[in-house]
Each structure stands twice: as structure tokens, then as C-alpha cells.
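*Asks:* One-letter residues, chain by chain:
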Amino acid sequence: MFALEFPPINEILRWSDLFPSFNKIAIITVAAALIGSLIFLLAGNADGSKAPKGVRNFAEAIVEFIEGQIIMPTMGRDGLGWTPFLLSIFSFIYLCNVPGIIPVLQMPATARMAIPLFLSLLVWVVFIGVGFKHQGLGYLKNSLFPPGVPGPLYILVTPIEFISTFLVRPFSLTVRLFANMLAGHILLVTFALLTKELVQGGNIALVPVGILPFFMLVFLTAFEVLVAFLQAYIFTILAAVYIGGAAHPEH
Amino acid sequence: MLTAVVTYGSNGPEVLLSASEGEEGHSSEYTYADCSIIPEGKEPSEKIESLEECDPGPSPIMPEAKELYWGASSFVLFALLMRFFLYPRLRRSMDARYDSIRGAHAEADQARSEAQAEVAAYEAALAEVKAEAAARIEEARATLEQERSTQLAEANARISSARDAAAAEAAAAHEAIRGDIGSAAASVASRTVELAIGRAPDAAAVSSAVEGSMTSGATR
Chain U
1 MFALEFPPIN EILRWSDLFP SFNKIAIITV AAALIGSLIF LLAGNADGSK APKGVRNFAE
61 AIVEFIEGQI IMPTMGRDGL GWTPFLLSIF SFIYLCNVPG IIPVLQMPAT ARMAIPLFLS
121 LLVWVVFIGV GFKHQGLGYL KNSLFPPGVP GPLYILVTPI EFISTFLVRP FSLTVRLFAN
181 MLAGHILLVT FALLTKELVQ GGNIALVPVG ILPFFMLVFL TAFEVLVAFL QAYIFTILAA
241 VYIGGAAHPE H
Chain V
1 MLTAVVTYGS NGPEVLLSAS EGEEGHSSEY TYADCSIIPE GKEPSEKIES LEECDPGPSP
61 IMPEAKELYW GASSFVLFAL LMRFFLYPRL RRSMDARYDS IRGAHAEADQ ARSEAQAEVA
121 AYEAALAEVK AEAAARIEEA RATLEQERST QLAEANARIS SARDAAAAEA AAAHEAIRGD
181 IGSAAASVAS RTVELAIGRA PDAAAVSSAV EGSMTSGATR
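Chains as they are written, first to last, in the working numbering: chain U, 1 to 251; chain V, 1 to 220.
For the record, the hints were derived by calculation from the structure and aren't laboratory data.
Incorrect hints may appear among the rest.
To be verified - 27 Å max Cα-Cα, derived BS3-like pairs, lysine-lysine:
1) LYS141(U) x LYS24(U)
2) LYS42(V) x LYS66(V)
3) LYS24(U) x LYS66(V)
4) LYS24(U) x LYS42(V)
Could you build all of it, start to finish, from the sequences and the hints given here?
*Replies:* The following block contains the structure:
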């Protein structure tokens with residue numbers, strides 16, 4: 001009978017610290033910030049008067065993607081001032097996601113709770129701050145007492161709005177990113193271990209069967225490339241929606 | 001397995017820990033080798049009280065302070081750099097290029113409009129010249145037609161007068177020849193009659209007879 005012992009989740013998340021309090025996740029987050037800075041630094045240094053190419057083309061494509069596909073549909077032209085913030089969020093999350101499929105690293109930093117939690121709390125603070133800045137105390141009134149609702153229904157609507165706007169939003173932002181990336185990581189580990197056990201387990205009859213999980217591993221690796229982009233996009237567009245909604249309640 | 005025995009004596013409660021059979025003092029059967037993960041810096045043969053002393057690794061749910069610290073620091077620095085340095089530089093050069101592209105487009109549009117105006121002016125001038133050329137050609141054609149008609153009439157008149165002159169000349173020549181032939185015929189007839197009758201006939205009668213004969217011959 002064939003049996004495969006899968007390591008506990010804790011074990012696949014455990015790494016040696018390079019030095020105290022600096023582990024693999026810290027390396028990835030620092031590298032993400034450095035690589036992101038380097039990309040935009042090199043792009044800024046390139047000759048901007050000519051048609052962009054190389055790293056500048058890449059950086060401009062990201063900027064135009066953020067402005068055209070995220071800010072304009074959700075916040076309008078007034079939201080273009082938020083481009084650096086949303087650009088930072090998107091780039092940072094993407095660069096933290098991608099190491100999940102980079103050999104040796106093979107761990108998305110966002111598959112740990114810390115980064116999604118921090119970014120979600122930051123977005124939460126920002127959109128509430130924007131709400132108060134643009135609407136004053138009316139932000140609470142507009143958020144908790146949506147206009148057009150019959151009076152008695154506020155007993156039901158106000159708690160729901162409070163929970164959904166002020167409690168669930170940061171929670172859902174965090175869990176969506178964290179859980180998707182962790183699930184992807186676990187899937188990759190699962191199929192990698194299954195392939196290894198089938199191929200190297202010593203049973204020659206099982207070696208050809210090992211091709212199946214290997215193909216699945218390759219497919220999931222390609223899928224994780226898409227997921228890395230998609231999760232960064234979803235987080236960023238939701239942040240834009242929340243900030244835009246707080247700045248312009250009529251939207 | 002450890003067993004705690006609590007007794008009350010003159011000095012208060014006393015606790016005595018004792019091991020079950022098979023156990024040696026306070027030691028257990030576990031070592032770090034029994035852990036699924038051997039904690040860093042620990043020897044696998046080192047004994048532990050329970051498996052709870054194994055390092056289970058990080059919690060999959062709870063955020064770790066060091067990750068939070070490094071992640072937040074990295075992002076905040078990155079966002080500040082992006083806000084105050086990286087993005088404005090890139091945006092300025094993008095805007096400058098877009099402005100130059102828009103300016104070039106405007107110049108191109110203006111040049112296109114000017115070219116279109118020039119083409120329209122050229123076409124108008126060309127149409128005017130063509131119309132003038134057509135008018136001149138038509139005028140020349142009419143003039144030529146008139147001259148041709150005049151010259152044709154003159155030529156016809158000249159031909160007609162020449163024809164009349166030639167006819168008159170031919171008629172005169174005909175009359176002259178007829179007179180000569182009549183004289184010759186009268187002379188021959190007189191000589192013939194003279195030979196036949198031995199005397200010369202009346203010249204006037206012969207001439208009249210010859211004239212009459214030639215006239216009736218011509219009309220017959």
C-alpha cells in the first residue's frame with residue numbers, strides 16, 4: 001500500500017533565520033522593495049524623450065495599467081493623485097507574490113499573514129482618513145446611514161454597514177491575499193512532494209505515474225504566475241474602490 | 001510518566017514527584033529526534049520532557065513580529081520613495097514626452113491643414129486655368145471654323161470663276177475650231193464641187209451648206 005506523509009503546514013513555513021529576526025520572508029520583502037525601487041529608478045534614468053523600451057517600457061506599462069485600468073474606472077480623474085500609493089501597493093504585492101515560483105526562494109511573502117495584514121490595515125486607515133478628510137464627520141453618517149433607506153430599516157442596515165465597511169473590509173483584504181497565496185504554495189508543495197515520492201520512492205512501477213503530478217506541478221506553477229498578478233490587481237483595485245468611495249460617497 | 005504526591009506535614013504541604021515504573025527519575029523517552037522538526041541549535045539526541053518542546057515552526061495564521069516589522073518597513077520606504085522621488089521623475093518625463101507627442105501631432109495637423117488648403121488652392125487655380133484653356137480652345141476653334149468657312153467660300157468662288165473662265169475659254173476654242181473646220185470643210189467642198197462640175201461653186205452657198213450641215217449634225 002502506498003502512503004505519503006505530508007509535512008505539517010508549519011513545517012513548510014519554517015526557515016532558518018539569516019540572523020536573528022531576519023528570515024526568508026524578510027529577505028523577500030526587502031528584495032521586493034529594492035527591486036521595485038531599482039526598476040523605477042532605472043526607468044526614471046532612461047531617456048524619456050524617445051520611445052520607451054526595456055525597463056522604462058515595463059515601468060511605464062505598469063503606471064499606465066494602474067492609471068488606466070484601476071484608478072480611472074474606480075476613482076476617476078480626481079484619483080490620479082493616488083497613483084504612487086496604488087502603484088507601490090501593486091508593485092510590492094506582485095514582487096512579494098512572484099517568489100512563490102522562483103526556484104530557491106519558492107515562497108510568496110504574502111503567504112504569511114504579516115504582509116497582507118499590514119497592507120490591509122494601511123488601506124483601512126487610509127480610506128477612513130480620506131473619508132473624514134473629504135466628508136468630515138458626515139463620513140460616518142453617510143457610511144452608517146445610507147440615504148434613501150426607510151427609517152426603521154436603519155436598525156438592520158446600520159450594523160451591517162458598520163461591520164462590512166469598518167470590520168470586514170480589512171479582514172477580507174487580508175484573508176483573500178493571504179489564503180490564495182498560501183493555498184497556491186501548499187498546492188505546489190503537495191505536487192512537488194508527490195512527484196518526488198513517486199519518482200524517488202524506490203518503487204520502479206510508480207516512476208511513470210510520477211509524470212502526472214509533475215505535469216500538474218508545471219501547470220500549477222504557470223497558474224501561480226497568473227495568480228500572483230491577479231491577487232496584486234484585486235488587492236489594488238479594491239483599495240482604489242475603498243478610497244474612491246470614501247472620497248466621493250455619491251459614487 | 002511523572003506522578004505528584006502531595007502530603008501535609010508539620011512544615012505545610014510537601015510535593016514529591018515520582019516516576020512511573022520503567023522511567024528513570026525525571027527523564028522521559030523523548031528526544032528532539034522525535035520531533036517532526038528539530039529546533040535550531042538542538043541536538044537530535046537531547047532529551048525533552050514532552051513533544052510540546054519541539055519547535056513546531058511558525059503559526060500559519062498568526063503574523064510574526066519580525067515579518068511584520070521588515071515587511072512594513074520595506075513597504076513604507078518603498079512607498080515614500082515612490083511618492084517623492086521615483087514616480088514624480090518618471091511621470092515628469094512621461095508627461096514631457098506626451099506633450100512633445102501632442103505638440104508634434106498638433107504641428108502635423110496644422111501642416112496637414114495647410115497642405116490641404118494649398119492643395120485646394122492649387123486645384124482651384126488648376127480648374128480656373130483649365131476653364132480658361134477650354135475657353136481659349138473653343139474660341140480658337142470657332143475662329144478657325146470661321147476662317148475655314150471663309151477660305152472655303154473664297155476657294156469655292158475662285159474655283160467657280162476659274163471653272164467659268166475655263167468653260168468660256170473652251171467654248172471660244174470650240175467656236176474657233178469650228179470656224180476653222182467649217183472653212184476647211186467649205187474649202188474641201190468647193191474644191192470637190194469644182195472638180196465635179198468644172199466650175200467653182202458659190203462660196204457663200206457652200207459656206208452656208210457646210211454651216212447648216214455642221215449645225216444640224218451638232219444638234220442631231
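*Asks:* Hints first: check each against the structure and report whether it holds.
*Replies:* Hint by hint, here is what the structure shows:
1. The suggested pairing of LYS141(U) with LYS24(U) is violated, with an alpha-carbon distance near 44 Å, which exceeds 27 Å.
2. Taking the CA atoms of LYS42(V) and LYS66(V), the gap is near 22 Å; set against the 27 Å cutoff, the hint holds.
3. Restraint check: the Cα-Cα separation between LYS24(U) and LYS66(V) comes to about 11 Å, which is no more than 27 Å; the hinted pair holds.
4. Between LYS24(U) and LYS42(V) the alpha-carbon distance is near 21 Å, which keeps this suggested pair within the 27 Å criterion.
Of the numbered hints listed earlier, the single one contradicted by the structure is hint 1.
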